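Novice: So the protein lines, in turn, are chains D and C. Heads up: the first sequence runs through residues 1 to 203, numbered per the working numbering. Heads up: the second sequence runs through residues 1 to 223, numbered per the working numbering.
Simulated from the structure, these hints should not be mistaken for laboratory data. Errors might be hidden in some of the hints.
[Unchecked claim] With a cut-off of at most 25 Å between alpha-carbon atoms, the simulated DSS-like pairs for lysine-lysine come out as follows: (1) C/K162 / D/K95; (2) C/K134 / C/K162; (3) C/K162 / D/K167.
In this text the structure is predicted, and so the values were computed from the model without any measurement.
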Amino acid sequence: MYGVGILKGLGITLKHFVDTYVDDFKWGIRRYTSDEGFTARQGLETEGLFTVQYPEEKIAVPERFRFVPFLVVNDQDHATEPDADWCTSCGICAKVCPPQCIWIIRSTDPDTGRPVPQPKDFFIDIDICMNCGFCAEFCPFDAIKMDHDYELSDYDRTSTHIYNHAKLAKPLSYWQMIAPSRAEQERLSREADEAAKAARKRK
Amino acid sequence: MADPTPAIHNPDYPIPEELRNNIAITTLDRIYNWSRAKSVWPMLFGLACCAIEMIATAAARYDPSRFGMEVMRPSPRQCDLMIVSGTVTKKMVPQIVRLYNQMAEPRYVLAMGACASGGGPFKEGYNVVDGIDKFLPVDVYVPGCPPTPQALLHGFITLHEKIESQSITTVPWYRKGESEAIPVPILGPDLIDLRQASLINYMSTQTPEPPQPAAAAEEPVAG
């Protein structure tokens, strides 16, 4: 018989429509105002409408989410070197970057003319970046990490979407906030490395 | 983010004290832009993987009908917004430019994702255009590879802010005369942008200069 599929499909739509009101009566206003209501609406058990009211509420991104990279710098209240770059401008990230969207300007000592392990400037064209995370994966100093901020749209490409060092630098505490378990893991492995190095020196 | 009440939305007209609660003053721009920004109809076409993410945005969880954008029209005559969602190949760009020319003004272009904005991973590929902005005037660039649905929605909101900051007195589509169509590029041995045809003609008629002889080599030191 023709038309049964259409009726079934429309029945599903109607069921969700009715279930939205059932959910609304069950939860009341909390369905739209509280965090539990949002989680319940997004969960597997939800029956009614599950639309994310985007600018007001956002689905939390997972810790391993990758968007445009950022550079890790020391916190402002760091004991000895506030705001110091972790990046040594070694250029490994620029080499492994598949779409080649990273440019690094290395800095040199003005007196001796010898290179200083610090970037003078650091550019990422975020309109080329393919969010693969190779730079963060290959960086031997944990100095470049993938950000979670995806709200980057803008009106002009050349003036706003080629990020320089000032736009890329974010403190370590930001990385610890967006990816707590990975930051902790990296801190432990760095400390183990340093301990091993010190032990080698003592010998 | 733009100023919530840009200057064009503030008529700056003094209301007498006794009429404060009875009169609301706005500008024509505000009503005009409000109605325009809340009914932007995108064109129904996708080019690559970003289109999948655009479909996800158009589905129930992110639901662009909250912004009046759920009506994706398959005809350029009925569209306000062209979402260039994906890699723009040299073979596809003549069609895209033609579609843009067929759209009625006011029209907007949103470059979605790395490929449409700047070429992305294929930026120096033999068959890929490095960003649709080489041919079309792009209004909003949404970075990401691909942008998540929420990132695309942020691009939509950015576009709405742009629409709301335009003024009816300065927009190009109310000027006198017809607006110029963008010449459709020709797919040849390499893509020819007709807007640069005179430059290409000029350069092809010039005879290439003979290569300068290298600076005289130093006398080889004997021994």
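Novice: Hint by hint, say whether it matches the structure.
Specialist: Evaluation of the provided hints:
no., hint, verdict
1, C/K162 / D/K95, "37 Å, violated"
2, C/K134 / C/K162, "21 Å, holds"
3, C/K162 / D/K167, "23 Å, holds"
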